[in-house]
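Number of protein chains: 2
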Amino acid sequence: VLRRRFGTAAVLAPIVVGAIVAGGPWVVALILLVTARASYELARALTLPYPAAFGAGALPVLLAVPFGTTGILAGVMLGLPWALFWLAGYPEARTLRAMLALMLMATWVGAPLAHVYLIGDQTNAVEGVYLVLVAVAGPWVSDSGAYFAGVLFGRHPLFPSLSPKKTIEGSIGGIVLTTAVIAPLANLFLGLPLWTSALAGVVVSVVSQAGDLFESILKRLLGLKDLGRALPGHGGILDRIDSLLFTAPAVYYLYTLFLT
Amino acid sequence: VLRRRFGTAAVLAPIVVGAIVAGGPWVVALILLVTARASYELARALTLPYPAAFGAGALPVLLAVPFGTTGILAGVMLGLPWALFWLAGYPEARTLRAMLALMLMATWVGAPLAHVYLIGDQTNAVEGVYLVLVAVAGPWVSDSGAYFAGVLFGRHPLFPSLSPKKTIEGSIGGIVLTTAVIAPLANLFLGLPLWTSALAGVVVSVVSQAGDLFESILKRLLGLKDLGRALPGHGGILDRIDSLLFTAPAVYYLYTLFLT
Numbered sequence: 001v002l003r004r005r006f007g008t009a010a011v012l013a014p015i016v017v018g019a020i021v022a023g024g025p026w027v028v029a030l031i032l033l034v035t036a037r038a039s040y041e042l043a044r045a046l047t048l049p050y051p052a053a054f055g056a057g058a059l060p061v062l063l064a065v066p067f068g069t070t071g072i073l074a075g076v077m078l079g080l081p082w083a084l085f086w087l088a089g090y091p092e093a094r095t096l097r098a099m100l101a102l103m104l105m106a107t108w109v110g111a112p113l114a115h116v117y118l119i120g121d122q123t124n125a126v127e128g129v130y131l132v133l134v135a136v137a138g139p140w141v142s143d144s145g146a147y148f149a150g151v152l153f154g155r156h157p158l159f160p161s162l163s164p165k166k167t168i169e170g171s172i173g174g175i176v177l178t179t180a181v182i183a184p185l186a187n188l189f190l191g192l193p194l195w196t197s198a199l200a201g202v203v204v205s206v207v208s209q210a211g212d213l214f215e216s217i218l219k220r221l222l223g224l225k226d227l228g229r230a231l232p233g234h235g236g237i238l239d240r241i242d243s244l245l246f247t248a249p250a251v252y253y254l255y256t257l258f259l260t
Numbered sequence: 001v002l003r004r005r006f007g008t009a010a011v012l013a014p015i016v017v018g019a020i021v022a023g024g025p026w027v028v029a030l031i032l033l034v035t036a037r038a039s040y041e042l043a044r045a046l047t048l049p050y051p052a053a054f055g056a057g058a059l060p061v062l063l064a065v066p067f068g069t070t071g072i073l074a075g076v077m078l079g080l081p082w083a084l085f086w087l088a089g090y091p092e093a094r095t096l097r098a099m100l101a102l103m104l105m106a107t108w109v110g111a112p113l114a115h116v117y118l119i120g121d122q123t124n125a126v127e128g129v130y131l132v133l134v135a136v137a138g139p140w141v142s143d144s145g146a147y148f149a150g151v152l153f154g155r156h157p158l159f160p161s162l163s164p165k166k167t168i169e170g171s172i173g174g175i176v177l178t179t180a181v182i183a184p185l186a187n188l189f190l191g192l193p194l195w196t197s198a199l200a201g202v203v204v205s206v207v208s209q210a211g212d213l214f215e216s217i218l219k220r221l222l223g224l225k226d227l228g229r230a231l232p233g234h235g236g237i238l239d240r241i242d243s244l245l246f247t248a249p250a251v252y253y254l255y256t257l258f259l260t
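Chains A and B supply the protein sequences, listed in that same order. Start counting the first sequence at 1; every next residue gets the next number (this note's numbering). Start counting the second sequence at 1; every next residue gets the next number (this note's numbering).
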């Protein structure tokens with residue numbers, strides 16, 4: 001999983017970073033593309049009509065642009081009548097799995113991705129780009145640290161029943177590398193005191209690992225080995241963004257609490 | 001269902017209206033009580049530990065007080081690591097139904113109820129009380145209109161497969177009575193032009209009926225006749241508040257769009 005993730009990162013990173021630096025509408029377009037692909041995976045996996053899944057995910061993203069956090073919340077709330085429309089009109093969608101897919105698209109996919117847009121939408125453009133990179137690339141740093149620390153020192157399993165390959169040593173390695181990378185940059189770009197910068201690094205890594213674990217549990221719940229199997233030869237996008245779905249809100253609220 | 005609802009309304013209305021008029025902390029306390037009871041019902045019905053359900057519902061409510069809509073959204077987002085904590089730590093909670101219960105508590109129960117607090121939290125106290133009453137008592141008016149119009153004129157079923165007793169005539173009666181009651185009051189208390197007031201009445205009734213239908217579908221999905229059966233002799237609170245869970249966000253966003 002980690003090695004595959006590094007490979008994809010090398011291909012996708014330039015596109016993602018380019019859109020982030022270009023900002024505004026490019027970020028929204030990229031988020032909607034990701035939402036579209038995630039909808040495809042969840043809709044297939046949980047047998048929900050594709051437009052139902054995409055609408056639930058896109059509503060919070062589209063409303064975030066004019067209305068900020070209030071728009072994201074309104075989008076999540078609109079997801080309930082939206083779900084009603086599909087469940088009432090499409091009896092084949094009237095299942096527990098379809099209902100869960102709709103709620104996951106709004107709360108777990110659309111709303112967190114909408115935070116990526118808000119993070120970048122700062123009056124200070126450099127600050128915005130830096131913050132989005134923390135949310136997007138923080139998990140890559142955390143995963144790298146965890147991978148190498150796990151290979152070198154990994155002895156004690158972290159959650160043996162959920163994720164047999166993860167070790168406590170790897171988890172700590174992820175936290176250490178993320179903090180080592182993020183803290184000096186936060187100090188430089190945001191003028192944060194070092195201890196706050198270090199705290200941000202720790203939080204980003206912990207939250208990134210939590211996002212990964214959340215997706216593992218979800219796949220297990222749904223009885224799916226890999227949500228991305230829908231397209232042969234391609235990994236799932238949800239596997240790629242699982243950490244981002246947790247780091248994006250975390251970075252947004254940390255920033256809002258400490259810096260505005 | 002309607003007759004039982006009228007009976008309960010007569011008992012609960014004075015308490016609810018009293019808390020609304022007293023305002024602020026009383027509304028929050030009432031919302032948390034309702035959340036606690038709703039958690040009990042959903043946790044029993046979907047076999048989730050009770051504190052897990054209550055926490056997911058209470059987070060958006062508690063964060064709404066200092067942080068408004070941003071706090072509600074942050075509460076819903078925090079529901080994901082909260083869900084992870086319970087799903088990781090309590091293998092017996094690691095089911096589709098428990099996961100759905102957690103998401104419903106945050107998105108369908110906690111977040112909409114938190115909007116009730118925000119609706120009442122206006123600088124103009126009379127306006128706040130009036131708006132909360134529209135969200136809370138609007139469904140009672142709509143149900144009454146639907147009940148009597150249904151008994152008198154009901155011929156054509158509205159959703160025969162979902163709710164055999166509901167008729168198109170009843171639904172229209174609900175819309176007419178709600179508009180007739182709300183429009184003059186909105187004109188009087190908020191100084192809204194009559195057509196906007198009428199629109200508000202129509203939306204409140206439609207949304208109220210949608211909330212009722214949403215709960216019907218949900219119960220059917222979960223294979224439950226009555227979520228409230230958990231306590232013998234008592235009806236379920238979710239049956240009581242199903243419409244409010246849709247009218248509260250609707251009233252909040254209508255008000256925000258048209259009047260602020």
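Be a bit skeptical, because a hint or two may be false.
So the derived label-pair ranges between C-beta atoms look like this [to be verified]:
id : chain 1 : residue 1 : chain 2 : residue 2 : range
1  : A       : A180      : B       : G18       : 35 to 43 Å
2  : B       : P184      : A       : F85       : 28 to 36 Å
3  : B       : L152      : A       : L162      : 54 to 62 Å
4  : A       : P157      : B       : T47       : 23 to 31 Å
5  : B       : V202      : A       : G24       : 35 to 43 Å
6  : B       : T123      : A       : V65       : 24 to 32 Å
7  : A       : F85       : B       : N124      : 32 to 40 Å
8  : A       : N124      : B       : V202      : 42 to 50 Å
FYI, nobody ran anything at the bench for these hints, they're computed from the structure. A virtual CB, placed ideally from N, CA and C, is assigned to each residue, including glycine.
> Hints broken by the structure, by number, lowest first?
Replying inline: Hint check: 1 fails alone, others pass.
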